[in-house]
Amino acid sequence: MAIVSPGFSGRRRSPDAQLPPGQYLAEDFPVLTAGPTPRVPTDRWQFTVGTEAGQQHTWSWQQLIELPAEKITTDIHCVTKWSKLGTRWKGVSLDVLLEDVETAADFALVHSYGGYTTNLPLEDLLDGQAWVAYRYDDEELTPEHGGPARLLVPHLYFWKSAKWVRGIRLLLEDEPGFWESAGYHDYGDPWREQRYQGD
Amino acid sequence: MGDDHTDRDHTDHTDGGHVDGNALAGDLREIFAVDLTAATGRCTGCGHRGSVAALRVYRNAPGLVARCPHCEEVVLRLVRGRDRAWLDLRGTVSLEIPLPS
Chain A
1 MAIVSPGFSG RRRSPDAQLP PGQYLAEDFP VLTAGPTPRV PTDRWQFTVG
51 TEAGQQHTWS WQQLIELPAE KITTDIHCVT KWSKLGTRWK GVSLDVLLED
101 VETAADFALV HSYGGYTTNL PLEDLLDGQA WVAYRYDDEE LTPEHGGPAR
151 LLVPHLYFWK SAKWVRGIRL LLEDEPGFWE SAGYHDYGDP WREQRYQGD
Chain B
1 MGDDHTDRDH TDHTDGGHVD GNALAGDLRE IFAVDLTAAT GRCTGCGHRG
51 SVAALRVYRN APGLVARCPH CEEVVLRLVR GRDRAWLDLR GTVSLEIPLP
101 S
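Line by line, the protein sequences give chains A and B.
For the record, in the first sequence the residue sitting at position 114 is 114 according to the working numbering, with numbers rising by one throughout.
For the record, in the second sequence the residue sitting at position 37 is 37 according to the working numbering, with numbers rising by one throughout.
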């Protein structure tokens, strides 16, 4: 006799079951921005990883899109309480970009065109957890959503998925980014509702 | 944040959806006893001197981000948590606040 499991009836879980605490389901894709939207032509775009030893690894746009890419389907959760399920992206895993980077760092500070920064532990960028994404929903990523390329770290609140990403500094000590230095949580796990400092 | 206040009708500009510094009034009034939008601040980025009300405020964000109208550097950030607020003024050299004589 078959064991009855939640999947037996073929029903999908309700959206609520897929939402972290305090979140609501968004059908659109809200645009949040802390400043003017940078417009970065791909022929001037660069992505640079800098190590604690001062070494720099830089990719041009052409070099980025020639790297092995992955298609990612994932839920995203914004700290302003909207969540969007099943978003579809294409990008290069940070595992690929950091493969030949020698570092003893435990922390990363992500930089964007326009001056935005966000910090996270280096281990949260590895093991298939983070990408530099340049396509969304089978289209080029628009500037409003962080194009030409943004970081995608969907297991953390979406402010960590820096739009207009231009590089990562690898650090021995944690250094708070733009929102992390203004009251938001240093780590930002939506499932533990780590919105603000002290949560 | 900010959308619960009466300042929601300030006109959005075209280059990225900011409003003017009067949008800071409600949230700053929660913290300060005076209306700080009448204060004059100096930007650490470019030295520009102007009223808080003339700042460019981006509020479709996890907090209020006020930028210098001259150089677009961040001069003030205000994050409102459940039971506290964080005010970051590192982009402001000083605030000159008019007081009754």
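Treat the hints as calculated values from the structure; they're not laboratory data.
Here a beta-carbon is modelled for each residue, glycine too, at the ideal position from N, C-alpha and C.
Please note that a few of the clues may not be correct.
As the list claims (entries may be wrong) - Not the full set, but computed from the structure, chain B residues with beta-carbon under 10 Å of chain A:
no. : residue
1   : G17
2   : H18
3   : R42
4   : C46
5   : R49
6   : A61
7   : P62
8   : V65
9   : R77
10  : V79
11  : R80
12  : G81
13  : R84
14  : W86
15  : D88
16  : S94
Unchecked claim - Not the full set, but computed from the structure, chain B residues with beta-carbon under 10 Å of chain A:
no. : residue
17  : R29
18  : E30
19  : R67
20  : E73
21  : V74
22  : R82
23  : A85
24  : L87
25  : R90
Hint numbers contradicted by this structure:
The structure breaks hints 3, 4, 5, 16, 17, 18; every other hint is satisfied.
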